[in-house]
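*Asks:* Each chain, written out:
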Amino acid sequence: MIWLNSIAQGILLGGLFAMSAVGLSIAFGVMRIVNLAHGDLMTLGGYLAFITIKYSGMSTWYTLIIVVPVMAVIGYYVQRILFQRALRMGELAPLMVTFGISIIIPNAFTQLYTNNVQQLPVGSLATSSIQLNNMVSIGTFPLLTLCLSIILIAALQQYMARTKMGRYMRAAADDSEILRLMGVDHRKVYGVAMGISFATLTLAGVLFGMRQGGVSPYDGHLTVLFAFETVIIGGLGSLWGTVLGGIVLGVAQTVAGQFSPEIPLLVGHLVFLGVLAFRPNGLLGKEALR
Amino acid sequence: MAILEVKNISAGYGDLTAVSDLSFKVEEGELFALVGANGAGKSTLLKTIAGSIRAVNGSITFKGQDVTKDPDFKRSQDGIALVPEGRRLFHSLSVEENLLVGAGTNRKGPWNLKSVYGLLPILEKLKDRNSARLSGGEQQAVAIGRALMSNPDLILLDEVSLGLAPIIVEQIYISFPDIRKQGLSIILVEQDLKRTLGVADRIGCMLEGHLLLEGTPANLTHQQITDAYFGHSVQSFDNAPSAGGAQ
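Chains as they are written, first to last, in this note's numbering: chain F, 1 to 290; chain L, 1001 to 1247.
It should be emphasised that the hints constitute simulated quantities derived from the structure, not laboratory data.
A few of these clues could be false.
Here are some chain L residues pointing at chain F (derived, C-beta under 8 Å) [as the list claims (entries may be wrong)]:
| hint | residue |
| --- | --- |
| 1 | V1101 |
| 2 | T1105 |
| 3 | L1212 |
Please read these numbers as outputs of a predicted model, since none were measured by experiment.
Where a beta carbon is used, it is the ideal one built from N, C-alpha and C, also for glycine.
Please construct the entire structure, taking both the sequences and the accompanying hints into account.
*Replies:* Structure follows, in structure tokens:
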């Protein structure tokens, strides 16, 4: 029963991993940008929520209504102004730019708000749970995260499949040179894709902060790792793959935690390495076309 | 009036010059065919006109406007469509989605899903098929349909028959008059000389990045074209300068 409980907790944790990985998957899938700052941008989202709470006193949930759209707009312009220029300079340049951002963000917040954890209160949801039996209980907040994550990914899937912009994004992923020859300004398409990436990572960043009780400057160094592992385990370019990848990683971590509190991260990394070694395209990844 | 005027254009890849100091005009509604051996610079020339490659020198005037500095997507919005060599379909999209992306310019005109399906009925049957799972001929039909969806004024067709069964090439060529009915101008790059002579209003023969010979199928002899094609010393030209020192 104790195993069943830890598997259940792992699945719930996987929802959060999936949510944080989706934006990484889009940035790489559409623009071929490996966003090393992904985790630190999640931290930035967490801090923006914290700052909003500090100055308005609203609850953490409501800050999402402000913070997520703001970050989406920031994402659009970061792509247009920063990443687009970097892309013109070759494959390595965007990597360096995102690496730079990943250094700036934690250092800036250390300067502004010290190294201490800044609270992101969840309210009464923090402790409420659904007791399935005497061993298995599902936390309301983690369950909510998993549901949000699945809704988000289903919505993105539909957006990609049915809208004009989604079509352009998939076409850009296939062959951006030809997309331009169809009269589509690829820079706008890239901007919107990065906006979506920023919006989803912000949602994940704030929820991650809520789960941890708050946000601190160097959280991103861990979350970026989880996001990368989730994407690789699930399979690059597959949105549902990120859900599966997140759940595999989450379960690996929580089950390992039953053996010893010191090994969850290690086991998570080992599972990731195992997938990389035996299924390099990920569990749901497509065969590499190029 | 010339719809396209290319003046002293040079273009290439890095240090390699594939097109050098080349000039020609395409009249409105005309089918201008470019022939030449592999590596003569035909595809590079088309890409330069479409804007995929920037010209190093010279100017490109389209519908009276200088478009030399315009990016590729702007030229497409202005009405230049390229059917690229090797088709280059969007492989994770279905046939119909490929066509819809082709309409990305939002230009108005006779071409939409319905009329493209009317012209190329094979596409309607395949519309939900993933474009990676098509035969070469079917892919070529999608590529042509996709270019028409942008309602272009000038369409650049690069090696439409390359690697395709003759019967499919025949079907594609049969659709040409219907396409041209709308007053569309075409630049056609083709290896098959006989077919080219059959459809072209005018022919240009390229060799090593230069336009060596230009004329109508009526006033060029087959011998002249093959000479230019293979770069023989062009003995058959009436007005050829004496090839001093050539063997």
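*Asks:* Check each numbered hint against the structure and report the violated ones by number, ascending.
*Replies:* Hint 3 alone not satisfied by this model.
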